[in-house]
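Going line by line, the protein sequences match chains A, B and C.
Using the numbering used here, the first residue of the first sequence is number 1, and each one after it goes up by one.
Using the numbering used here, the first residue of the second sequence is number 1001, and each one after it goes up by one.
Using the numbering used here, the first residue of the third sequence is number 2001, and each one after it goes up by one.
FYI, nobody ran anything at the bench for these hints, they're computed from the structure.
Where hints are given, some of them may not hold.
Here are the simulated BS3-like cross-link-like pairs (lysine-lysine), alpha carbons at most 27 Å apart as the crow flies [what the hints assert, rightly or not]:
(1) 2346(C) / 346(A)
(2) 1128(B) / 2454(C)
(3) 1138(B) / 130(A)
(4) 2209(C) / 466(A)
(5) 1089(B) / 2346(C)
(6) 1466(B) / 99(A)
(7) 2162(C) / 1326(B)
(8) 2326(C) / 1099(B)
(9) 1138(B) / 128(A)
(10) 1326(B) / 326(A)
(11) 1326(B) / 2341(C)
(12) 2346(C) / 454(A)
(13) 1469(B) / 1181(B)
(14) 454(A) / 2341(C)
(15) 1099(B) / 2099(C)
(16) 89(A) / 1138(B)
(17) 2466(C) / 1138(B)
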Amino acid sequence: MSPFELHPDRFFDSDTVIRAYAREIFDNIKSLPIISPHGHVDPGIFVDNKPFENPSQLFITPDHYLFRMLYSQGIPMEALGIPSINGTKVEKDPRKIWKLFADNYYLFLGTPSGIWLNHEFSVVFGIKEKLNGVNADKIYDEINEKLNSPEYLPRRLFEKFKIEVLSTTDASTDSLDNHKKIKESGWNGRVIPCFRPDAVTDLSNSSWKSNIELLGRVCGYEISSFKKYVQALEERRSFFKNLGCTSTDHGVFSPYTHELSISEAEKIFQKGLKGESNNEDAELFTAHMLMEMARMSIEDGLVMQIHPGSYRNHNPVIFANYGTDKGADIPMHAEFTFNLKELLNKYGNHPDFTAIVFTLDESTYSRELAPLAGHYPAMKLGPSWWFHDSIEGMTRFRQMVTETAGFYNTVGFNDDTRAFVSIPARHDLARRIDSNFLAGLVARHIISIDEAIKIAEDLTYNLVKKTYKL
Amino acid sequence: MSPFELHPDRFFDSDTVIRAYAREIFDNIKSLPIISPHGHVDPGIFVDNKPFENPSQLFITPDHYLFRMLYSQGIPMEALGIPSINGTKVEKDPRKIWKLFADNYYLFLGTPSGIWLNHEFSVVFGIKEKLNGVNADKIYDEINEKLNSPEYLPRRLFEKFKIEVLSTTDASTDSLDNHKKIKESGWNGRVIPCFRPDAVTDLSNSSWKSNIELLGRVCGYEISSFKKYVQALEERRSFFKNLGCTSTDHGVFSPYTHELSISEAEKIFQKGLKGESNNEDAELFTAHMLMEMARMSIEDGLVMQIHPGSYRNHNPVIFANYGTDKGADIPMHAEFTFNLKELLNKYGNHPDFTAIVFTLDESTYSRELAPLAGHYPAMKLGPSWWFHDSIEGMTRFRQMVTETAGFYNTVGFNDDTRAFVSIPARHDLARRIDSNFLAGLVARHIISIDEAIKIAEDLTYNLVKKTYKL
Amino acid sequence: MSPFELHPDRFFDSDTVIRAYAREIFDNIKSLPIISPHGHVDPGIFVDNKPFENPSQLFITPDHYLFRMLYSQGIPMEALGIPSINGTKVEKDPRKIWKLFADNYYLFLGTPSGIWLNHEFSVVFGIKEKLNGVNADKIYDEINEKLNSPEYLPRRLFEKFKIEVLSTTDASTDSLDNHKKIKESGWNGRVIPCFRPDAVTDLSNSSWKSNIELLGRVCGYEISSFKKYVQALEERRSFFKNLGCTSTDHGVFSPYTHELSISEAEKIFQKGLKGESNNEDAELFTAHMLMEMARMSIEDGLVMQIHPGSYRNHNPVIFANYGTDKGADIPMHAEFTFNLKELLNKYGNHPDFTAIVFTLDESTYSRELAPLAGHYPAMKLGPSWWFHDSIEGMTRFRQMVTETAGFYNTVGFNDDTRAFVSIPARHDLARRIDSNFLAGLVARHIISIDEAIKIAEDLTYNLVKKTYKL
């Protein structure tokens, strides 16, 4: 079996001129610390700092990028050990799960998941062969052994990955106990929360009312009015901020923004409390809460992130058996020119406001997002998101955004991951693609190599830190 | 005049690394048999096995790809000999038509039509010069002479083209006599039908009622109720299946799917019989029939194809004078996340169901189709269709689909053509573009050359055969 | 400091094969005269032929491409000397404005603005250093001195730029005095008007009624009925045509076309005169006027241009303080298959009609526009517009349009600029990108080098002249 090594020029164009520039640019940024301003890593792993359980638990069962692909090819969720929420029996033997994964590893050819996995296996775990059905057991053993060594404890990996800041994403009602414990532990890894209030701002969420009750318990008073509700959110933002939070995040169905009168907002809020709100109420309420959140951002300085356009839990069979985040979230058509108008008109010219907007609808890059970000001072463009966090996706993002918005209305890379050990792989890929894109500009004499290197450093490090106020 | 030869490296990137890999990959697939699982060739040509009439009849008058381009540049349809349906006089002299075509052959520069024609002229007919106004007559004579030789009879070409299976597309009421005769003739070319019931499922079709009557005559009973109608369709599917059919095809305005109650369906059906149905009825009926067809597919195993999003007969002047399929079908905005939800929710997790979805709206590739196919086991993505069956179109398809859906949720190539002699040209082009795309991945060290060759073989042959159950 | 020279191979692919072909093609077209069939240069500069005021006045304050980017990065409009319309104090010192611009010149890296500016500085003004905060004053002086020399007077530049025709864009009520004066001056520069009646066809324009009154004054009679209004427009078109006009232009919110009855049109017109029209009226009125304009085009031979899909003045703060055309026009989703149907159905088959359609929504290129232009004889595709007038934008246009519409249903390049001295830069860029695109086809053996050169000449010169009847 041939040795399994990642090529030093991987992902660069094979054209010799571009490749040489890409190498030069990448050499300048490859060792910069990782700033991870948006992601979903469980902070608890740094509190306990216990070994990861086993390779299947680490790689497969929590990663919807992986098991959705296997599921799409007819492999049952239960065979992959995805925890069921309704008593469906699922595979418990991590070796069997691993073998099934290994047998089907070829499905990830040409996908970012495949690239990240290869990186994790090769660079993080020093595996010398490409995973397949034959060597599955052997590689399982190799990884498992390493997981139980001190070098592979979460905090040690955090340091080895050169992570300067890692932001988690946390419900508005979260106690942030893990964040507190990390702070109090004396360990100097910087792990900060991000304020994500979707569960209490989305009236269409079937748990909304109980989430409001929880918010009330956390705040210590009953949330009986819209005014109290706003007060509670302001208090929670302040609480988050005190624990290092610099940003909020809003995962909304649509980016529609619209300000209601206080009485209208109150009326819808009361309907919600009575369980009488409808879809239109929910849409208006979310639209209004985006306006409220922008107002609060100007007051408390938290950077606002908007992640719209995912139809969550599209497959009710999977939702009923396995719950949320199971690979069944499907993007949909998005619109920003009309939807963001109220928010940008009211707050978009404000020097103290930053709204970072993401999209799953690439047709909006050049049509709406780049022109908006290329005009409104407050608006910045988040990197290519989720399904587009990939070689072609990142390349299209730069190709469709740069000429209108420039580089400096974008904010660098977000890994946006639950998979902690994939973080260096994801940043490596993003840095390579930015290097390669910039190299293409140099090779065509659009910018100079010195300018390209400066831009690369800004995209990788300076711009992220500055925009997210880290 | 310089000799007119197709370059062996045509359509490959000029980058030397990519080109070398592309050659290597293509060498492994170029001689594989042709599987043509979806197309519009007239099966009658293999029954009679008579010589094709003349070059203009063979190439121009039946091919709306060609004459729409000539028409767009102000050349009247009648001058091209397009048969009129209302008595308009049209050119009858095939040489005059050929000369007009040759004079305007430059219009096809940079288009797939131009590429296919060059291939047909050079490879299939051994023409040594590029067609132009000057050599038009000479080339007409050369082709005409060959058409009348045994080597150019339809069955002989079928064999020379190495076609392993050719699927036609046939109305649900078709007698399939041609298919029967081919079977009975002793010739072992495999020509199979595909069940396309649009004429009896589309209530907005002005001939719908007479189509239902025809369906009744074919089945031997009056179709007076929705229940009888469903029974008739099930019988016809069974009839098709017995003649080798493995798939159905649904050319729908919108991919909207929605299940009606039996009484609702019956009510709309009765309105249709009385000529009282409106646009909304038609939309609901099509939506319901897609659900019914999926149910039947699970029962009888026929693979379902959905071709939505073409505004047929956009130009009433052309429609009135020349009828359907005259180059005036225009794509429109498509939506799948919401529209396919009911179908996928009910049947998309079923192991015995396959729905192959096509689109004319490329903005849905990365936004909706790849995420859906990358999750639901039943859903696969048809290749880049019609206007996108081209170098750039196929490249964009792979670039926008692969990273989310992988290669194995796609189904290889469909030539989808009425133009029998263009089949090898179209498969040659598709194989070259897949080879070149894969070569680009190898050159950037994303996959290995061995992996690329395996994928190329699967896309060209194995995956098509397997998905279409051939 | 390194010398600042534009590379002779700039914007060409670095691949040696493509680059060599691109050079060869570009060499054949680079010196062709400039045909500028659509733009916004003030014709007054050629009447007076006075020196341009100063570098800031010439480059920055009138160019919304530039100051919107600076504004997006938090630089106040007033600091850039953008004239306010409400008394806001703005910077008056052109050197201070220039310095601010120079300090932030890096924001234009990778943008077409940056490319055009570099060309203007280097080629038009012979500047030897790239602009930055340090050399800002020196470069200001160099440009300023040249502006006051006879070689840099507007007419002299027009000749040096080798402009064969320059079309301005003019309100229907414009006296065209400047055009008359140019004609009468004896100078033989060909500067012609374009008829743009938006101000009198858009009922939603708050000045519509006063515009109608102005139209009446210009025509010498009161416009009290729709019939009179149509008569006035016909007269104005005739007046424009007599001064060399060959085209009309329609900047519409939506490309919706729909013919009203005379009485419906009259009714809406009267509502407009009374200030009682609503949004729906305005939409219908514009839809009807596009039909009327097409009818007039067939009668008087003026080529019709349709520029839809810009949400003008999206930012009310900027609009209130600085007025229109201040970088706050944002594209939106567009639709053509349904919207243009009536117009194309009625007039699209007419041999004497030409409608050139533009879009800001690139998702419509391959989906709707190329198929429509590839069928209807009257419809042609304008080049990639505004935000897409860029390297990547022009490349995407050719990639997404050519395979369906061919080259000959497009109409060459439009610079569409207010910035007179940027004209050669814009045409240089467009010619290079077309050369490079064609070189890519030659390198992949899709077309021959001779064919590529012929197409390049047609796109640059012959096709523009012919389509715009120049």
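Each hint, compared with the structure:
For the proposed pair residue 2346(C) and residue 346(A), the alpha carbon gap of about 44 Å is over 27 Å, so the pair is violated. Distance restraint check for residue 1128(B) and residue 2454(C): the Cα-Cα separation of roughly 22 Å lies within the 27 Å cut-off, and the hinted pair is therefore satisfied. The hinted pair formed by residue 1138(B) and residue 130(A) fails the criterion: a straight-line CA distance of about 59 Å is larger than 27 Å. Distance restraint check for residue 2209(C) and residue 466(A): the Cα-Cα separation of roughly 50 Å exceeds the 27 Å cut-off, and the hinted pair is therefore not satisfied.
Pair hint residue 1089(B) plus residue 2346(C) holds up; C-alpha atoms about 22 Å apart against a cutoff of 27 Å. For the suggested pair residue 1466(B) and residue 99(A), the alpha carbons sit about 24 Å apart, so the restraint of at most 27 Å is met. A hinted pair counts as satisfied when its Cα atoms are at most 27 Å apart, and residue 2162(C) with residue 1326(B) does not qualify at roughly 44 Å. As the CA atoms of residue 2326(C) and residue 1099(B) are separated by approximately 54 Å, the hinted pair breaks the 27 Å bound.
This hinted pair does not check out: residue 1138(B) and residue 128(A) have alpha carbons roughly 64 Å apart, beyond 27 Å. As the CA atoms of residue 1326(B) and residue 326(A) are separated by approximately 46 Å, the hinted pair breaks the 27 Å bound. Between residue 1326(B) and residue 2341(C) the CA atoms are separated by roughly 17 Å; this keeps the pair inside 27 Å, and the hint holds. Using a Cα cut-off of 27 Å, the hinted pair residue 2346(C) and residue 454(A) is violated, with the two alpha carbons roughly 56 Å apart.
The straight-line distance between the Cα atoms of residue 1469(B) and residue 1181(B) is roughly 23 Å, inside the 27 Å bound, and the hint therefore holds. At roughly 50 Å between alpha-carbon atoms, residue 454(A) and residue 2341(C) are farther apart than 27 Å, so this suggested pair is violated. Note on residue 1099(B) and residue 2099(C): the hinted pairing is violated, with a Cα-Cα distance of about 64 Å set against a maximum of 27 Å. Distance check on the hinted pair: residue 89(A) and residue 1138(B) sit about 74 Å apart at the alpha-carbon level, beyond 27 Å; violated.
For the hint linking residue 2466(C) to residue 1138(B), the alpha-carbon distance of about 32 Å lies beyond 27 Å, and the restraint is violated.
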